[in-house]
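Q: Listed below are the residues making up each chain.
Number of protein chains: 2
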Amino acid sequence: MNYPSRLIEDAVTEISRLPGIGKKTALRLALHLLKRDEEQTLMLSEALLKMRTQTTYCRKCHNIADNELCNICSNSKRDTSIICVVVDTRDVLAIESTNQYRGLYHVLGGIISPLEGVGPADLQIDSLLTRVEQSGEDPVKEIILALSPTMEGDTTAFYLQKKLKATGVKISTIARGIPIGGDLEYADEITLGRSIVSRVAYD
Amino acid sequence: MNYPSRLIEDAVTEISRLPGIGKKTALRLALHLLKRDEEQTLMLSEALLKMRTQTTYCRKCHNIADNELCNICSNSKRDTSIICVVVDTRDVLAIESTNQYRGLYHVLGGIISPLEGVGPADLQIDSLLTRVEQSGEDPVKEIILALSPTMEGDTTAFYLQKKLKATGVKISTIARGIPIGGDLEYADEITLGRSIVSRVAYD
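Heads up: the sequence lines are chains E and H, in that order.
Here the numbering used here is used: the first sequence runs in plain steps of one and ends on residue 203.
Here the numbering used here is used: the second sequence runs in plain steps of one and ends on residue 203.
These aren't lab readings, by the way, just hints derived from the structure by calculation.
Since the model is a prediction, treat every value here as computed from it, not as a measurement.
Take these hints with a grain of salt, some might be off.
Heads up, the list lumps identical chains together, so a pair's fine if it works in one copy or across two of them.
[Said to hold, decoys possible] Below, in silico cross-link-like pairs of lysine-lysine (DSS-like), each with a Cα-Cα straight-line distance of 30 Å or less:
(1) 163 <-> 24
(2) 163 <-> 77
(3) 60 <-> 23
(4) 77 <-> 24
(5) 60 <-> 163
(6) 23 <-> 77
(7) 35 <-> 163
(8) 24 <-> 60
(9) 35 <-> 60
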């Protein structure tokens, strides 16, 4: 397309690099911003930049955090004997919104996917093992694997089971009440809450 | 939702102010940017800011432009005796891509919509009249109204006809090959091109 201005073209190019946003939608968003107050674009631009450059991760569970420890890891009321393993922050938010879980989390930061070139070394798996092994006088008793029931999720769960076996910790997986092929974050709260309560222990 | 970090929350809030983007999509986009190189967010942020603060408009047709005159108005090969009136830049792009039109444009910058508080004074209507009246030795012979066949589009077309009547210029509208209620920008190129060629003169 022959954009009327290089500035618009640059903006459209950058916006359309976001997942699920094509050139037409990008142009619509750009023209929307042009019609609105300059303030709005300024705040959007600054919020994105700040988020990307200043966001830190919890040194314990690798969730996004404002401080060295996230709100959950630094909350003394949480049950430290149980860790729920998830792919990313969205899964933490989804499980938290069920109000069914009072333990801690471990955010892998992705899922094993040979097709996309993501291997175990790219994920926070070693740090999970270290967490379990070095839990000392406040031992981790159970690991819940809360991964989406997809090919990648199952592969990752299988790998984690193998790795964690030596530590002797109890490993469970959330109940497969979630439809196969569905995405964890889009499950409704009742289904997701139930799947935490009726988790199934690996034998 | 309890976002794990204020930075994420701010970013999600700002992203979800864009049309058609809800909180869940905004969070997905934010986490996507966090996973990618810092460079990408930097470029997106800068492109948006530059676009919003530096974009200028053609002083003749009010289309978005890099210079005082847009590429179309400054192109000596275009037919200056004919002006196509459109709502915004997307419509110019859509008509240009048909390769059926060699005249000039006039971008209204919106459409008359009492419900949204947009009146004739908010649009580039007076400047269109001035363009027609002051065309002098290189007179404008025809005005094509290329507005979406919706309530607002018809109202605007009706208002423009009334205003332009005194100038004696020929007024036409693009053929209604476009489905009623459809959006101009999503019409396919053949339909849109045909509608330019077989435009119907107002009697």
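Q: Taking the hints in turn, state whether each one holds.
A: Here's how the hints hold up against the structure:
no.	hint	in the structure
1	163 <-> 24	neither (46 Å within a copy, 33 Å between copies)
2	163 <-> 77	within (29 Å within a copy, 71 Å between copies)
3	60 <-> 23	between (40 Å within a copy, 27 Å between copies)
4	77 <-> 24	between (49 Å within a copy, 28 Å between copies)
5	60 <-> 163	within (19 Å within a copy, 69 Å between copies)
6	23 <-> 77	between (48 Å within a copy, 29 Å between copies)
7	35 <-> 163	between (55 Å within a copy, 25 Å between copies)
8	24 <-> 60	between (42 Å within a copy, 26 Å between copies)
9	35 <-> 60	between (44 Å within a copy, 19 Å between copies)
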